[in-house]
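Student: As a plain string of letters, each chain reads:
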Amino acid sequence: MSNYYVGVDIGSLTVKVVLINNDLEILGQAKIRAGYHGREVAIRLEEQLLADFGLTIKQVTATVATGYGRVTFPSDRELSEITCQAKGISHLFPSSRTIIDIGGQDSKVIKLFPNGKVADFTMNDKCAAGTGRFLEVMATALEIEWHEIGELVSSSENPTKISSFCTVFAESEIISQVSAGALKSDILAGVCDSVASRVASMTRRTGLETDIVFTGGVALNRGVVNALTKQLGYPLLVFQEPVITAALGAALLAREISK
Amino acid sequence: MVETFNPTDSKESLKLLIEEASLKGADRLNRYPKYRFFGYFCSYFPEELIIAAGLHPLRLLPDSENSTPVELPAYCCSLARGTLDMEVREKWRDLVGIGFTHTCDTMQCLSGIWAASGQSKTVDIVPPVMLKAPGASRYYHAELHTLLSKLTDLTKQKIEAEAIRNALILCANTRKLAAELDVLRPNLPSPLIFSLLRAGQLMPRSEYTHALVNSFPALKEMAEEPHNKAKVLVSSAVLENDSLFEMIEELGGRVVADDTCTGFRHFSGVTVSGSEDPLLDIVRRYSEMPPCPCKNRSLNERISYLTTLAKQRHAQGAIIIVRKYCEPHAWDAATLSESLRKNGIRTLTLELEGANAGGQERTRLQAFLESLLGYEL
Amino acid sequence: MHTTKEKRRNYRPLVSNKALQQTMGSYYALTSWHRYWGKFLRRPLAWVTSGAPVELLRAFNIHCAYPEQYAAIYSARKATVDLCEVAEAAGYSQDLCSYARSNIGGVLRPDLAPLGGMPKPDLLVACNNICGTVLKWYEVLARHFNVPLLVLDTPFLTDQLTPQVKDFVLEQLYAMAADLEEITGRRFNEKKLAEQMNLSRKITSLWIETRQYCQASPSPLNAPDLFINMAPIVVLRGSQKGIDFYRKLKDEVKERVELTQGAIENERIRLVWDNIAIWPQLFSFYKMFSEKGACFVTDTYSGGWAVEQAPGTPMESMATTYTEVFLNRSPKFRANQLINLIKEYRADGFVMHSNRSCKPYSLVQEVIRKEVMRETGVPGLMIEADMADPRAYAEEPVRNRVQAFLETFDDLK
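Residue numbers (this note's numbering), protein chains in the order written: chain C, 1 to 259; chain G, 260 to 636; chain V, 637 to 1049.
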């Protein structure tokens, strides 16, 4: 009989669930935008995912919860996103030494020992600059859809510069750039550069070591990927589903704690 | 009146101290109607002279970290903003005076702002910053004389040398008890110790020492060897509540060394006595106590002191708190972190708006403590 | 850029600007090439704070370089953000002084710094009369360069200078002289110090005199002129070259007054400036005022170097002068200073720059603003910005406030 392990990552915007078996295979995964009701949404999402495989909660050996909503979620253990992210990424990319994770509300840089353990980490300070939220606010101000960012940015030839470190100020700054006639693609490229430069600075703070893995929702954004690659001077490895890597790590840790 | 509040039962005494720590002096008029309090901010304001003047030193702590008095800009620390806002709301009306020590730029400014916008009487002392500079002790001594006469003006009572000596003895006793508490630290919950130390900056000192002595049997009974706790050093400016220490404890940490302004650093160092002029003893005490980042005894003294302390206490990690806009602590954070890391102690630098640790801090603390405890197997 | 033309139209350039550039250019060149001549002439290079007792250092033939001055240049040349990011990545909080952060950034990455960064110091001299930050900043530098750090501790004056404070500072100055004897291998020569003090006095009188001409209407100088022309009195105090430059400047300013030439066209509103310049926006910010006929006729910042020496022996004079620096004094003193400037310069209002980087200058400003408004009846505007870091500057909100403030004068006149 096989054992099943679940990792649940309740983030500020989305909930992610990953189901693995004893052989560390990813059997299934699910994600959904949640917002305020993260806990309830996560419970339902886990149930649905298990149902797809004809399973119930009772057949799951262990569940680990992570993300902002981890504390209230009924799990066998709650662990921080950093520990889970490190676990998930070092499983997917054993050569990784640096993880850059840009999510909705925060961004982090995690440095790993060669054995995959957390050596050090840095997180953004308490403001939205350098996070997915910052990108979102700016894209909204420019009336651009989230999924259009990558393509638009790649057409920019002359990125503008965002100088303010405050999201509110930066928003008013790009609005003045619009009224001064700058191209949306150039402004957006400037926004991506600004996020990348914030995160690159955090990366240098922890000390840059290769290989570098870029994960979290923003890793799907080509504009930021390119800007960050340029600023760091190294290629970035990205998992095809960067949103679920912390949930995967949680599932892997669920297996370890029940051993 | 006092008897009501100072029980002899050990557990009751402990309860009293915890209560006082969480009240932060708010109930002082009810509890100690016959006592006259004198507010102060930094550990460098000599408590001995407040007590010798027949007053009771009350450390001023903010009741909110979100206050925005018009007199101060947003980029000023929440300690200054919160306490000034309380002055505007007349929360300090009963105080005989408020003592400011020149430590950081913010405290220096706050003194003048307070004098211009508040009702309370303010008293300044400007100790040397370079504690070992030539002439520093003589200057410090002269400043203490000035302070003495300012306090005399305030109370209209002469302060006898005998009163200063008695105050020195009381303070020495308090510090000795605090040191005993510090010894029990590894085996007791960290927020509890933190609370008990804070109470000693808020209550009348004689009441405090009495209650603390009484509570030792209960504390010893509570003490137990910790299992699988991550041992950490915490360095910070003022923390007006136990929120951070509670979170550390809850997440599997134990504070084995406390270098916070309102924690053990306030009591650390020795009380010197026996000089013909007791003011000279006070000068020595404050010149020789483990320095805060605003003071300089030599270039690396504070950094090496904390590194040695962390090693002696077998700390696995160090949590360096930077209260938002507290420059002196922010300045030392980089060097301190580097020195600790070189000695095999992992560090986490954490920025807090005030004393409260919330969701974002929880993630960081948890990840840090998890990495110390080896959960990432 | 299209703004240049407008600037010209609005602004009267100074002929002496060429002399300024020459004077400063040769100073920077001398500093940059110090390693080729310093050792040979036994003249160590010191990094010093703007409030350090430079006459004493000059008496020991020490060449002084000013990190604060370089930081202002970094900012004017748009390098501050990159340099600050380097320091922030090294663990220095974004909330620390931007002069200090950009200086440390330049130390770690000289390739990103204008002028190739600062040449390495042989010693560091800090005086805490301007802030407590300089001590922490110079501690970092002392550890990095592993060179001696001399600190002059000038206790904050809550009221007047007391004998105990003066004695303490004096004792430290003598100890500093002894340390400098050891470091330089030269004997302390009180006569040489007196000479330096003399030169210093001359340059200060010229700066005072120049500034006083601005009491005329229209004012011959505006704030950016004052900020740009203060460079030599900071870095070349006690030098003949500095004196020569200020003679030229003074003559030109005097001539402007005689010809009733204003710094800006159609001076309508006379203002006083409080706090360090907003270096990254030096022209665009002040242009918002000059284009509406508002001229900053004087300021407290560059006025910090227009203070006459205190009496006494050279050492005593230094002890008093450096301790009585305005930033080392109470809000009450500072308010009086501003009130006097408003009266002497017949100002219609004042503008305070609430400078995130400089707490001693800024935290007390609101209290001072109220006091000055009450005492003089003129309006005072507060603008939040930063002396060097453009990331703390929000153009639209600032523009709105400035415009609203200037409109209040239209109602009055």
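The reader is advised that the hints may include incorrect statements.
Simulated crosslink set (DSS-like; lysine-lysine; CA at most 27 Å straight-line) [said to hold, decoys possible]:
(1) G:Lys479 <-> G:Lys274
(2) C:Lys161 <-> V:Lys756
(3) G:Lys435 <-> G:Lys570
(4) G:Lys350 <-> V:Lys756
(5) G:Lys409 <-> V:Lys714
(6) V:Lys968 <-> G:Lys350
(7) G:Lys274 <-> G:Lys380
(8) V:Lys714 <-> C:Lys230
(9) C:Lys259 <-> G:Lys409
(10) G:Lys274 <-> C:Lys117
(11) C:Lys161 <-> V:Lys714
(12) C:Lys184 <-> V:Lys714
(13) G:Lys415 <-> G:Lys380
(14) V:Lys890 <-> G:Lys409
(15) G:Lys409 <-> C:Lys117
(16) G:Lys274 <-> C:Lys111
(17) V:Lys756 <-> V:Lys890
(18) G:Lys490 <-> C:Lys111
(19) C:Lys117 <-> G:Lys350
(20) C:Lys111 <-> G:Lys583
(21) V:Lys756 <-> G:Lys380
(22) G:Lys283 <-> G:Lys601
(23) V:Lys802 <-> V:Lys890
(24) G:Lys601 <-> V:Lys756
(25) G:Lys283 <-> C:Lys111
(26) V:Lys968 <-> G:Lys380
Since the hints were made in silico from the structure, they are not lab data.
Student: Run every hint past the structure and note whether it holds.
Tutor: Against the structure, the hints come out as follows:
no.	hint	verdict
1	G:Lys479 <-> G:Lys274	holds (15 Å)
2	C:Lys161 <-> V:Lys756	violated (32 Å)
3	G:Lys435 <-> G:Lys570	holds (23 Å)
4	G:Lys350 <-> V:Lys756	violated (52 Å)
5	G:Lys409 <-> V:Lys714	violated (50 Å)
6	V:Lys968 <-> G:Lys350	holds (25 Å)
7	G:Lys274 <-> G:Lys380	violated (33 Å)
8	V:Lys714 <-> C:Lys230	holds (21 Å)
9	C:Lys259 <-> G:Lys409	violated (69 Å)
10	G:Lys274 <-> C:Lys117	violated (42 Å)
11	C:Lys161 <-> V:Lys714	holds (12 Å)
12	C:Lys184 <-> V:Lys714	holds (24 Å)
13	G:Lys415 <-> G:Lys380	holds (14 Å)
14	V:Lys890 <-> G:Lys409	violated (50 Å)
15	G:Lys409 <-> C:Lys117	violated (59 Å)
16	G:Lys274 <-> C:Lys111	violated (44 Å)
17	V:Lys756 <-> V:Lys890	violated (40 Å)
18	G:Lys490 <-> C:Lys111	holds (22 Å)
19	C:Lys117 <-> G:Lys350	violated (50 Å)
20	C:Lys111 <-> G:Lys583	holds (25 Å)
21	V:Lys756 <-> G:Lys380	violated (48 Å)
22	G:Lys283 <-> G:Lys601	violated (38 Å)
23	V:Lys802 <-> V:Lys890	violated (38 Å)
24	G:Lys601 <-> V:Lys756	holds (26 Å)
25	G:Lys283 <-> C:Lys111	violated (41 Å)
26	V:Lys968 <-> G:Lys380	holds (16 Å)
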